[in-house]
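J.: Those sequence lines, one after another, are chains R and L.
Residue 86 in our numbering sits at position 86 of the first sequence, with consecutive numbering throughout.
Residue 175 in our numbering sits at position 60 of the second sequence, with consecutive numbering throughout.
Worth double-checking, as some hints may not be accurate.
Said to hold, decoys possible - Covered by chain R, per the in silico footprint, the following chain L stretches (three or more residues, Cβ under 8 Å):
hint : stretch
1    : 166-180
2    : 208-215
3    : 218-226
Stated by the list, open to error - Partial pick of chain L residues on the chain R-facing surface, computed with a CB cut under 7 Å:
hint : residue
4    : Ala146
5    : Pro157
6    : Leu158
7    : Val163
8    : Leu205
Stated by the list, open to error - If you want the ones that stay clear, here's a sample from chain R, every Cβ over 10 Å from chain L, calculated:
hint : residue
9    : Ile18
10   : Val19
11   : Ser26
12   : Gly54
13   : Asn55
14   : Lys56
15   : Thr62
16   : Ser69
17   : Gln80
18   : Pro81
19   : Ser84
20   : Ala99
21   : Ala112
22   : Val113
The set of hints was computed from the structure by calculation and includes no laboratory data.
Quick caveat, the model's predicted, so the values are computed rather than measured.
Glycine included, every Cβ here is placed at the ideal spot set by N, Cα and C.
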Amino acid sequence: QKEVEQDPGPLSVPEGAIVSLNCTYSNSAFQYFMWYRQYSRKGPELLMYTYSSGNKEDGRFTAQVDKSSKYISLFIRDSQPSDSATYLCAMSVNIYGGATNKLIFGTGTLLAVQP
Amino acid sequence: ETGVTQTPRHLVMGMTNKKSLKCEQHLGHNAMYWYKQSAKKPLELMFVYSLEERVENNSVPSRFSPECPNSSHLFLHLHTLQPEDSALYLCASSLQGSEQFFGPGTRLTVL
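Same shape as in the complex, but just chain R (with noise of 0.2 Å):
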């Protein structure tokens, strides 16, 4: 069993749509919880980034964790087809005393957003 489970997708929605995201984990380890967008050759950009069980919210989007049931969602409001991209979650547990970290991912899933 892989640690982070992702649906790699694609994912078609139309423009101003309610984006769903989600990703399941396995290791009651992570302390961190990550979501990234990776536009076509580019590097991952940080989006959201949480700790505890519950909602975070910045702008558009919304990032949910549930500790509980070891499940991480995205949702994106009023979608864009500037939002098309691929969308990675990722985890991380403090290594080397919490003087890093390291970070695991999911397969990411690719999001197009259609005008």
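Chain L: place on chain R using the hints.
T.: Frame of chain R, contents of chain L only:
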């Protein structure tokens, strides 16, 4: 320059060549990372440096050799690579165990 920069952005090399990838961070971070991103696979952590000391080596073949001369610079030295090493190589940095910020990557093709 701001954020995390990587050079070169594209690299084509033969299996007998030796080349180096360079990463520089302008964020005042003290930890740096190398990741490999292959098609249809999750990002794979290769190496972690904290305060210029290597703290993680994720079972990477010895044909990949990292170097971290100071907290702002990270290199990945490549020699006798295989075609299956063709991938996007990403550098990231963080302030201790906080969120990681990525560079744009080097697209490597091994012929």
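J.: Should the label of Ile18 of chain R as a non-interface residue stand, given a Cβ cut-off of 10 Å to chain L?
T.: 25 Å, holds
J.: Under the criterion of a CB-CB separation shorter than 7 Å, is Leu158 of chain L in contact with chain R as hinted?
T.: Holds: closest Cβ of chain R sits about 4 Å from Leu158 of chain L, inside 7 Å.
J.: The output says Ala112 of chain R does not contact chain L. Does that hold with a beta carbon cutoff of 10 Å?
T.: Non-interface label stands for Ala112 of chain R: nearest chain L Cβ at 17 Å, farther than 10 Å.
J.: So, as I understand it, the hint says Val163 of chain L touches chain R; can you test that by seeing if any CB pair is closer than 7 Å?
T.: Holds, about 6 Å.
J.: Can Pro157 of chain L be said to touch chain R, with a Cβ gap under 7 Å?
T.: Interface hint status for Pro157 of chain L: holds (4 Å vs cutoff 7 Å).
J.: Verify the interface restraint on Leu205 of chain L: the C-beta must sit less than 7 Å from at least one C-beta of chain R.
T.: Because about 6 Å separates Leu205 of chain L from the closest Cβ in chain R, which is inside the 7 Å limit, the hint holds.
J.: Has the stretch 218-226 of chain L got at least three residues whose CB is nearer than 8 Å to a CB belonging to chain R?
T.: Contact hint for the stretch 218-226 of chain L vs chain R: holds, 4 residues under 8 Å.
J.: Verify the interface restraint on Ala146 of chain L: the C-beta must sit less than 7 Å from at least one C-beta of chain R.
T.: 4 Å, holds
J.: Holds or violated: is the Cβ of Val19 of chain R farther than 10 Å from all Cβ atoms of chain L?
T.: Val19 of chain R is indeed farther than 10 Å from all Cβ atoms of chain L, at 21 Å.
J.: Using Cβ atoms and 10 Å as the threshold, tell me whether Val113 of chain R really stays out of contact range of chain L.
T.: At about 22 Å from chain L, Val113 of chain R clears the 10 Å cut-off, so the statement holds.
J.: Is the claim that Lys56 of chain R lies outside the interface with chain L correct, judged by CB distances over 10 Å?
T.: Correct as stated: the minimum Cβ-Cβ distance to chain L is 13 Å, above 10 Å.
J.: For Ser69 of chain R, which was marked as not at the interface, is the minimum beta-carbon distance to chain L over 10 Å?
T.: Label holds. Min Cβ-Cβ 21 Å, cutoff 10 Å.
Checked against the numbered hints listed earlier, the structure breaks hint 20 alone; every other hint is satisfied.
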